[in-house]
Amino acid sequence: EPEVTQTPSHQVTQMGQEVILRCVPISNHLYFYWYRQILGQKVEFLVSFYNNEISEKSEIFDDQFSVERPDGSNFTLKIRSTKLEDSAMYFCASSLGLAGSTDTQYFGPGTRLTVL
Amino acid sequence: GQQVMQIPQYQHVQEGEDFTTYCNSSTTLSNIQWYKQRPGGHPVFLIQLVKSGEVKKQKRLTFQFGEAKKNSSLHITATQTTDVGTYFCRGGGGNKLTFGTGTQLKVEL
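Residue numbers (this note's numbering), protein chains in the order written: chain A, 84 to 199; chain B, 271 to 379.
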């Protein structure tokens, strides 16, 4: 069964450094998403991406965040200058169509980001 | 903004007991989805409800969408240890569905 993959599984960085989290969505999916989950808390929406542009973003997704689909398979989340409070599990997800329809979002295994 | 609350936050049950989690939204939802997240794992889609008053079943799991489309419930009959995890509802419209706060279920033998 096709699945969403994410690399690395764990990223440790110093405060102020830039990090890039990578995701390979399911190949025929058209919508891509990033979510964040701080330890012990709920999953929070960051951004959705369709047709090579951001379709929607949350208040969390400020100027230090950016997303990119550099080629036909990868979908990346960049955090320019990490802060301690960016430490969380970051999940990538993809879906065939809008989540408001009957399409399912498939989540990757996540990247645990630790900012020291 | 839209808020989706779940109760209870935690639930400990003995294996074989039933379990129910409730999801309540501050606004009317176009649809609601339920996810399960095992400890250390990622959210896994369980089901989506779209119609007012809709009820769906998956083996021991029963999902219900309220008549006003502002609340939903997940009921597990005769819990098993494999049911352990956090159950999230997720609702709204478009592609920015809001996750609920989650209910963490622990099942003891």
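Check each hint, because a few of them may be wrong.
Unchecked claim - Derived pair list, reagent style BS3-like, types lysine-lysine, alpha-carbon separation capped at 30 Å:
{"#": "1", "chain 1": "A", "residue 1": "140", "chain 2": "B", "residue 2": "327"}
{"#": "2", "chain 1": "A", "residue 1": "166", "chain 2": "B", "residue 2": "376"}
{"#": "3", "chain 1": "B", "residue 1": "376", "chain 2": "A", "residue 2": "125"}
{"#": "4", "chain 1": "B", "residue 1": "340", "chain 2": "B", "residue 2": "306"}
{"#": "5", "chain 1": "B", "residue 1": "376", "chain 2": "A", "residue 2": "140"}
{"#": "6", "chain 1": "B", "residue 1": "306", "chain 2": "B", "residue 2": "329"}
{"#": "7", "chain 1": "B", "residue 1": "329", "chain 2": "A", "residue 2": "140"}
{"#": "8", "chain 1": "B", "residue 1": "340", "chain 2": "A", "residue 2": "125"}
Derived by calculation from the structure, the hints in this document are not laboratory data. None of the values given here were measured: they were computed from a predicted structure.
Consistency of the hints with the structure:
Taking the CA atoms of residue 140(A) and residue 327(B), the gap is near 33 Å; set against the 30 Å cutoff, the hint is violated. With a C-alpha separation of about 33 Å, the suggested pair residue 166(A) and residue 376(B) falls outside the 30 Å cut-off, and the hint is violated. Simply put, residue 376(B) and residue 125(A) have alpha-carbon atoms about 17 Å apart, close enough for the 30 Å limit, and the pair holds. Proximity of residue 340(B) to residue 306(B) is assessed by CA-CA distance (about 20 Å); at most 30 Å being required, the pair is judged to hold.
Between residue 376(B) and residue 140(A), the direct Cα distance comes to roughly 33 Å. Violation of the 30 Å bound is thereby established for this hinted pair. The straight-line distance between the Cα atoms of residue 306(B) and residue 329(B) is roughly 15 Å, inside the 30 Å bound, and the hint therefore holds. This hinted pair does not check out: residue 329(B) and residue 140(A) have alpha carbons roughly 36 Å apart, beyond 30 Å. For the suggested pair residue 340(B) and residue 125(A), the alpha carbons sit about 19 Å apart, so the restraint of at most 30 Å is met.
Checked against the numbered hints above, the structure breaks hints 1, 2, 5 and 7 and satisfies the rest.
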